[in-house]
Amino acid sequence: QQQVKQSPQSLIVQKGGISIINCAYENTAFDYFPWYQQFPGKGPALLIAIRPDVSEKKEGRFTISFNKSAKQFSLHIMDSQPGDSATYFCAASISDYKLSFGAGTTVTVRA
Amino acid sequence: EPEVTQTPSHQVTQMGQEVILRCVPISNHLYFYWYRQILGQKVEFLVSFYNNEISEKSEIFDDQFSVERPDGSNFTLKIRSTKLEDSAMYFCASRAEGTGRRHFGDGTRLSIL
Numbered sequence: 001q002q003q004v005k006q007s008p009q010s011l012i013v014q015k016g017g018i019s020i021i022n023c024a025y026e027n028t029a030f031d032y033f034p035w036y037q038q039f040p041g042k043g044p045a046l047l048i049a050i051r052p053d054v055s056e057k058k059e060g061r062f063t064i065s066f067n068k069s070a071k072q073f074s075l076h077i078m079d080s081q082p083g084d085s086a087t088y089f090c091a092a093s094i095s096d097y098k099l100s101f102g103a104g105t106t107v108t109v110r111a
Numbered sequence: 001e002p003e004v005t006q007t008p009s010h011q012v013t014q015m016g017q018e019v020i021l022r023c024v025p026i027s028n029h030l031y032f033y034w035y036r037q038i039l040g041q042k043v044e045f046l047v048s049f050y051n052n053e054i055s056e057k058s059e060i061f062d063d064q065f066s067v068e069r070p071d072g073s074n075f076t077l078k079i080r081s082t083k084l085e086d087s088a089m090y091f092c093a094s095r096a097e098g099t100g101r102r103h104f105g106d107g108t109r110l111s112i113l
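These protein sequences, in sequence, are chains A and B. Each residue of the first sequence is one higher than the one before, starting from 1 at the first, in this note's numbering. Each residue of the second sequence is one higher than the one before, starting from 1 at the first, in this note's numbering.
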């Protein structure tokens with residue numbers, strides 16, 4: 001059972017553009033929704049996370065939008081930079097229990 | 001910022017052999033995890049460990065796998081009899097009390113020949 005579905009699989013954006021990655025989940029008990037950034041040869045690093053009591057969270061150029069009724073959340077990367085080129089994973093968990101990861105999105109930012 | 005460190009960075013092992021992957025979690029963290037990532041695929045949960053016992057494990061974590069915290073700093077994953085399909089990146093992660101944030105190490109690439 002795929003608990004978190006992520007799309008698109010990959011995207012290419014011009015420098016300065018907006019990257020948007022979407023995730024949908026099934027388990028309504030999930031209460032923690034992080035996004036991880038992974039560079040080749042490195043482990044996933046937490047980028048930003050949200051809990052279901054808020055609909056949006058912004059940290060610098062990164063924003064999570066959360067729609068509890070639709071069971072969807074998305075990551076927006078504003079003013080995309082070549083250094084943002086990486087694989088991004090959404091994830092979800094019930095409190096302290098296991099993180100279920102999405103399949104990942106490879107983002108390429110063209111200069 | 002404190003880091004989770006994993007050794008070795010790359011392990012090559014013959015099928016059927018035992019392998020131990022080592023991790024040093026962040027010092028004041030209490031929750032420890034192993035995940036794996038088969039090349040090009042998503043990160044998969046294996047096991048979580050708290051208070052010297054397994055708190056949760058996935059269906060991947062069968063009897064061939066075990067975890068141990070042999071002292072106050074190390075956290076190990078042992079695979080007793082490796083199979084070709086065990087080839088993957090294995091990530092250790094740790095978490096402090098009161099936060100959902102898992103800190104990941106850079107992984108050990110396990111290659112089974």
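It is possible that part of the hints are untrue.
Unchecked claim - Simulated crosslink set (EDC-like; lysine to aspartate or glutamate; CA at most 16 angstroms straight-line):
id : chain 1 : residue 1 : chain 2 : residue 2
1  : A       : Lys42     : B       : Asp106
2  : A       : Lys5      : B       : Asp86
3  : B       : Lys78     : B       : Asp62
4  : B       : Lys57     : A       : Asp53
5  : B       : Lys83     : B       : Glu68
6  : B       : Lys57     : B       : Glu44
7  : A       : Lys42     : B       : Glu3
8  : A       : Lys68     : A       : Asp84
9  : A       : Lys71     : A       : Asp96
10 : B       : Lys42     : B       : Asp86
11 : B       : Lys78     : B       : Asp63
12 : B       : Lys83     : B       : Glu18
To be verified - Here are some chain A residues pointing at chain B (derived, C-beta under 7 angstroms):
id : residue
13 : Phe39
14 : Pro40
15 : Lys42
16 : Phe101
17 : Ala103
As the list claims (entries may be wrong) - Beyond 10 angstroms from chain A on every Cβ pair, some chain B residues (computed):
id : residue
18 : Pro2
19 : Thr13
20 : Val24
21 : Asp63
22 : Ser66
23 : Gly72
24 : Ser73
25 : Leu84
26 : Ala88
Read the hints as simulated data drawn from the structure, not as lab findings. We put the beta carbon where it would ideally sit given N, CA and C, even for glycine.
Interface restraint verdict for proline 40 of chain A against chain B (beta-carbon cut-off 7 angstroms): violated, 11 angstroms
Has the given pair, lysine 68 of chain A with aspartate 84 of chain A, been kept, meaning a C-alpha gap of at most 16 angstroms? Not OK: lysine 68 of chain A and aspartate 84 of chain A at ~27 angstroms, beyond 16 angstroms, violated.
Report holds or violated for the interface hint on alanine 103 of chain A, using the least CB-CB distance to chain B and a cut-off of 7 angstroms. Alanine 103 of chain A check passes; min Cβ-Cβ to chain B is 5 angstroms, inside 7 angstroms.
Compute the least Cβ-Cβ separation between aspartate 63 of chain B and chain A, then decide whether it is above 10 angstroms. Aspartate 63 of chain B clear of chain A: closest Cβ-Cβ about 19 angstroms, beyond 10 angstroms.
Checking hints one by one. Is phenylalanine 101 of chain A an interface residue toward chain B, by the C-beta closer than 7 angstroms rule? Where the cut-off is 7 angstroms and the nearest Cβ of chain B is about 4 angstroms from phenylalanine 101 of chain A, the hint holds.
Distal placement of serine 73 of chain B relative to chain A, Cβ over 10 angstroms: holds, 19 angstroms
With the threshold set at 16 angstroms, check whether the alpha-carbon distance from lysine 42 of chain B to aspartate 86 of chain B stays at or below it. holds, 15 angstroms
Take the shortest C-beta to C-beta distance between lysine 42 of chain A and chain B; is it under 7 angstroms? Holds - the Cβ of lysine 42 of chain A comes within 7 angstroms of chain B, reaching about 5 angstroms at its closest.
Would you check whether the claim that valine 24 of chain B is not at the interface survives, using Cβ distances to chain A and the 10 angstroms cut-off? With a cut-off of 10 angstroms, valine 24 of chain B remains clear of chain A, as the shortest Cβ separation is near 14 angstroms.
Assertion that glycine 72 of chain B lies farther than 10 angstroms from chain A (Cβ): Non-interface label on glycine 72 of chain B holds, nearest chain A Cβ at 21 angstroms vs cutoff 10 angstroms.
Claimed clearance of chain A by leucine 84 of chain B, with the beta carbon kept past 10 angstroms: Holds: least Cβ distance 23 angstroms, greater than 10 angstroms.
Can phenylalanine 39 of chain A be said to touch chain B, with a Cβ gap under 7 angstroms? violated, 10 angstroms
Hint violations for this structure: numbers 2, 4, 5, 8, 9, 13, 14, all remaining hints satisfied.
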